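Chemist: Given next are the chains, with one letter for each unit.
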Amino acid sequence: MQHIGNRLGYRLASSIGCVFLALPIPAFALAFGAVTVKLPPAAELPGQPPSVAQACGICHSGDYITTQPPLTQQQWKSVATTMVNRYGCPISTQDIPIITKWLVKVNGKNR
Amino acid sequence: MKRDKDKEAVDQSRRALLRTGALFGGLMLLGGGAGNALATTVRLPMANGERPLARYPQKRALLVLTSRPVQLETPMAVFNQGVITPNDAFFVRWHLANVPTRIDGRRFTIRIHGRVKQPLELTPAQLASDFEPVELTAVCQCSGNSRGLFEPRVAGGQWANGAMGNAHWKGVRLREVLDKAGLRADAVQVRFNGAEGPTLPQIPDFMKSLDLDMARSEDVLIAYAMNGAPLPLLNGYPLRLVVPGWYATYWVKMLDEIEVLNHADQSFWTAKAYRVPANACGCLKPGEKNVPLVPISRMNVRSFITSVADGAQIPAGRKLEVRGIAFDGGFGIKRVLFSSDGGRHWLEARLGKDHGKYSFREWQASFRPHKGQSYSLLALAINTIGESQRFTPRWNPTGYLRNVVETVKVSAV
Numbered sequence: 001m002q003h004i005g006n007r008l009g010y011r012l013a014s015s016i017g018c019v020f021l022a023l024p025i026p027a028f029a030l031a032f033g034a035v036t037v038k039l040p041p042a043a044e045l046p047g048q049p050p051s052v053a054q055a056c057g058i059c060h061s062g063d064y065i066t067t068q069p070p071l072t073q074q075q076w077k078s079v080a081t082t083m084v085n086r087y088g089c090p091i092s093t094q095d096i097p098i099i100t101k102w103l104v105k106v107n108g109k110n111r
Numbered sequence: 001m002k003r004d005k006d007k008e009a010v011d012q013s014r015r016a017l018l019r020t021g022a023l024f025g026g027l028m029l030l031g032g033g034a035g036n037a038l039a040t041t042v043r044l045p046m047a048n049g050e051r052p053l054a055r056y057p058q059k060r061a062l063l064v065l066t067s068r069p070v071q072l073e074t075p076m077a078v079f080n081q082g083v084i085t086p087n088d089a090f091f092v093r094w095h096l097a098n099v100p101t102r103i104d105g106r107r108f109t110i111r112i113h114g115r116v117k118q119p120l121e122l123t124p125a126q127l128a129s130d131f132e133p134v135e136l137t138a139v140c141q142c143s144g145n146s147r148g149l150f151e152p153r154v155a156g157g158q159w160a161n162g163a164m165g166n167a168h169w170k171g172v173r174l175r176e177v178l179d180k181a182g183l184r185a186d187a188v189q190v191r192f193n194g195a196e197g198p199t200l201p202q203i204p205d206f207m208k209s210l211d212l213d214m215a216r217s218e219d220v221l222i223a224y225a226m227n228g229a230p231l232p233l234l235n236g237y238p239l240r241l242v243v244p245g246w247y248a249t250y251w252v253k254m255l256d257e258i259e260v261l262n263h264a265d266q267s268f269w270t271a272k273a274y275r276v277p278a279n280a281c282g283c284l285k286p287g288e289k290n291v292p293l294v295p296i297s298r299m300n301v302r303s304f305i306t307s308v309a310d311g312a313q314i315p316a317g318r319k320l321e322v323r324g325i326a327f328d329g330g331f332g333i334k335r336v337l338f339s340s341d342g343g344r345h346w347l348e349a350r351l352g353k354d355h356g357k358y359s360f361r362e363w364q365a366s367f368r369p370h371k372g373q374s375y376s377l378l379a380l381a382i383n384t385i386g387e388s389q390r391f392t393p394r395w396n397p398t399g400y401l402r403n404v405v406e407t408v409k410v411s412a413v
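If you read the sequences in order, they're chains F and D.
Under UniProt numbering, the residues of the first sequence are numbered 1 to 111, in order.
Under UniProt numbering, the residues of the second sequence are numbered 1 to 413, in order.
Read the hints as simulated data drawn from the structure, not as lab findings.
Computed from a prediction, not measured in an experiment: that's the story for all the values here.
Virtual Cβ for every residue (Gly too), placed ideally from N, Cα, C.
Keep in mind that a hint or two might mislead.
Computed beta-carbon distance windows for the label pairs [as the list claims (entries may be wrong)]: (1) G287(D) - L39(F): 32 to 42 Å; (2) K105(F) - G342(D): 38 to 48 Å; (3) P70(F) - G342(D): 22 to 32 Å; (4) K319(D) - K105(F): 49 to 59 Å; (5) D104(D) - P40(F): 16 to 26 Å; (6) E132(D) - Q94(F): 49 to 59 Å.
The calculated EDC-like cross-link candidates involving lysine to aspartate or glutamate, where the alpha carbons are at most 16 Å apart (straight line), are [said to hold, decoys possible]: (7) K180(D) - E259(D); (8) K117(D) - E176(D); (9) K38(F) - D104(D); (10) K180(D) - D130(D); (11) K334(D) - E348(D); (12) K109(F) - E151(D).
Take these sequences, add in the hints, and give me the full structure.
Modeler: Put into structure tokens, the structure is as follows:
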């Protein structure tokens, strides 16, 4: 725990001053440091995504698609439509069939 | 080839799990540990259930559900190691792609504004020093935990059962902060926003709201510590809302804004998302339309067997200790029943130490397996107000609220 604490930069506040250092350290004497993380790369979009599919990558990585259960053409169309209508995906509704065709190809289910 | 290797890795982890179960309290070898050194992927019990096992910052090797936004699942073996889920094993779920990768806790502030008399802006250090510290142990569980086990399958984050964790939280009461700002008479809801943001203006920002009564309840905290340490960045450093008993969607991470509203929040994530059928079951039939919906809220009762994995082989001819965890939405676990014969006979499990009504509760039971026999192990938890788990899984199109009695099939050798 100490190790983690140090790594995160959770340490004594300089503001507590020398006067209090002899006393047991109360919990609120802990301070909050700077934390920087470097994330592993995002998974790429699967298959051969059409150019309009680059919009998918604005919000999520390709594994959001490949970890879905295999879906029917109708279900993928519904997902793509939801992304546009509810989640603000910046593609035209005319592009939904193109995206759907690609999604069915990479993770489709024949009913 | 790859398939065989994956299978071998899973089998190996099952054997490790079994050994630990038998030793009862021995060290569990996790992904990243020696026992699982070969495993780079784990296969969850669902179609497209392959998950890389990878280390993210401040985390041990966890199951990667998605790399952006980062979503990491805790391997079930972790829950057999102790009642508290370590910070580096705690699941991760972000909604939006724009999550800060650098937070300076000295400069970070939380702003309290809206229908208040005196808007406030506080650093984490000020919160910690100016308000009474409060500590409690509580389960944080994703609304969609176990979504991948729904049948028929539904779209969404395909979690198995590891989108949950139990931590010791330390922070300050939200209501004390609200009272310091002074609520105006017309306040009805409180909205929470974190540093997580959308990548385009038309993408809804992730914000959640609570009714004023809930926001002002005793145990709702602005937490600045988790298991005695600052929160890992991926769990919301430096401040996170803690809403004990309620699903994790309300536990807003990197909390930097609290806005008091004089109307019901109409923003996307409260008014349109995270909603469940407005019936006692929270379920509907596949294809059923126009069912009224309400915001998801309190967690239902669940339990898991943690000492043996599904498909494991267990030693015959001597008593096998089985153990696991149970929890609910804040009433506390009263009983856990255990069956080794698929639910025909039940025995009372022994409950472990009580860490409070919001915590995992450990339990143990034993039975004597006979050589060559197969067993269906079940655990059924009941809370202090008599709520229990379901025997048939509920279904809803968003994959929320699963709490069916889970079955662990084992064979004695």
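Chemist: Could you run down the list of hints and mark each one as holding or not?
Modeler: Tested hints:
1. G287(D) - L39(F): 32 to 42 Å: holds, 39 Å
2. K105(F) - G342(D): 38 to 48 Å: Distance hint for K105(F), G342(D) holds at roughly 41 Å.
3. P70(F) - G342(D): 22 to 32 Å: holds, 30 Å
4. K319(D) - K105(F): 49 to 59 Å: holds, 54 Å
5. D104(D) - P40(F): 16 to 26 Å: With Cβ atoms ~23 Å apart, the hint holds.
6. E132(D) - Q94(F): 49 to 59 Å: Holds, since E132(D) and Q94(F) (Cβ atoms, about 58 Å apart) stay within the stated range.
7. K180(D) - E259(D): holds, 14 Å
8. K117(D) - E176(D): holds, 14 Å
9. K38(F) - D104(D): holds, 15 Å
10. K180(D) - D130(D): holds, 10 Å
11. K334(D) - E348(D): Measuring from Cα to Cα gives roughly 11 Å; hence the hint holds.
12. K109(F) - E151(D): Between K109(F) and E151(D) the Cα gap is close to 15 Å, so the pair holds against 16 Å.
The structure agrees with every numbered hint stated previously.
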